[in-house]
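Engineer: Take a look at the letters that make up each chain.
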Amino acid sequence: MLRKNPWLLWVPVILAVLLAVASFATAALSPLQQGREAIWIFGALSGVLALCLFPIQPLLALPGLRRRLGNWVHPALGGTIIGLSVAHITGLWLYSPEDITDALLLQAPTPFSAWGLSGLAGLVGAALIALLRRRLRPAIRIALHLFLAGLGAFAAMMHAWLILGAMSAASKALLALATLLSLGIAIQAARSTIRARRERGVESSRRRGRPAGPPGAR
Amino acid sequence: MRAILPTMIALALLAGFEAPALAQAQTQAQADCPATETMRGGRNNYRAEVPLVDNLGIGWTASGTVREAGSCAPLAGVTVKLWSATDRGGERDPSNHGATLTDAEGRYVMPFSEIRPMGGQLHIHIAVDQPEYEPLFLRPVLAPGDTEGMVVDFVLKPTGRNAS
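These protein sequence lines are chains B and V, in that order. My numbering applies: residue 2 is where the first sequence begins, and numbers increase by one. My numbering applies: residue 131 is where the second sequence begins, and numbers increase by one.
None of these hints come from the bench; they were simulated from the model. Quantities reported herein were computed from a predicted structural model and do not represent experimental measurements. Even for Gly, the Cβ is constructed at its ideal location relative to N, Cα and C. Among the hints, a few may not be true.
[Unchecked claim] Restraint-style ranges between C-beta atoms, simulated for each label pair: (1) Arg218/V to Pro7/B: 30 to 40 Å; (2) Gly290/V to Gln108/B: 23 to 33 Å; (3) Pro112/B to Pro164/V: 20 to 30 Å; (4) Leu182/B to Val239/V: 44 to 54 Å.
[Unchecked claim] Now the stretches of chain V that chain B is said to cover, found in silico as 3 or more residues with beta-carbon under 8 Å: (5) 165-175; (6) 212-221; (7) 249-260.
With the hints as extra help, turn the sequences into a complete structure.
Structural biologist: What follows is the structure in structure tokens.
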């Protein structure tokens, strides 16, 4: 289906972008923003924006989109998400240093602080694995990258879900569902990429110096 | 099967004897009035110098009774400092900080305007930090039903010192 209609690849991307714009707009226009100081709004909305980008990010790693958009787009958005998470912590720290210091030291009374930290740890881990490009076998690198990114996204979603703030419960639920679907698509694509490499024997012959197994072996 | 009935009877008897003992322990605890403990994050965004105010807005009310540890006696004239994020801004906003005194029955009342979430939770801060008592910093979180206000009673431990 995709081979015949390559434009179908853009459908999930466009849906994810529309969801991101709608979710960010509802949070930014929430009545709760009235009366908040600029640095508080900046810190809070940085986190919201990072979350809104989650469903888009896995799709940008699909081989078909990489070819059309360029290989740099997926790493660039990954860097942006981590940058926004750091801006989220920094902005809120500038507004209420004691609250954020408690959170960073795992001393906060709020249950979602540790989820937020684990989320960032997962995402940074995923980025580090991606940076180790040449040191790891592709199958292991892709699996680890997806595992850490998925774990990080799950923790960040739990963080957001438990917070009472500018985001609506509906937009949090939709973003979580969309992220799950995107990750599912990316995992499927990664599996067929790895399988194709094995069948071509690229991996086995280069890494182990012996011929590849029978075609179709996993 | 035969063992079940005697076991149940024994358990029922035990429960019967345990219940009054438990109730007695609870009454004892109430009579002792143990000092309330400071909560995590209770001191965050604290301001030492706050004015005595009639209210911090209208529409929502924090109130409660302040008692002395041990004796359980209501404490009059205690300065209770309160702050919270409201529709005027966050906890850093000076207009969201104020203090009130407890009356002869140890009661304090502080009307607020709409409480807003800050740091992801709807909560207020309550502090007592005068020389006569061990400092206490509370951070009660509003329950879903607390739309009109909330009651926060607490117990202070005297230091034996007097106000200078």
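Engineer: Could you tell me which of the numbered hints above are not met by this structure, giving the numbers in increasing order?
Structural biologist: Checked against the structure, the only hint that fails is number 1, while the rest are satisfied.
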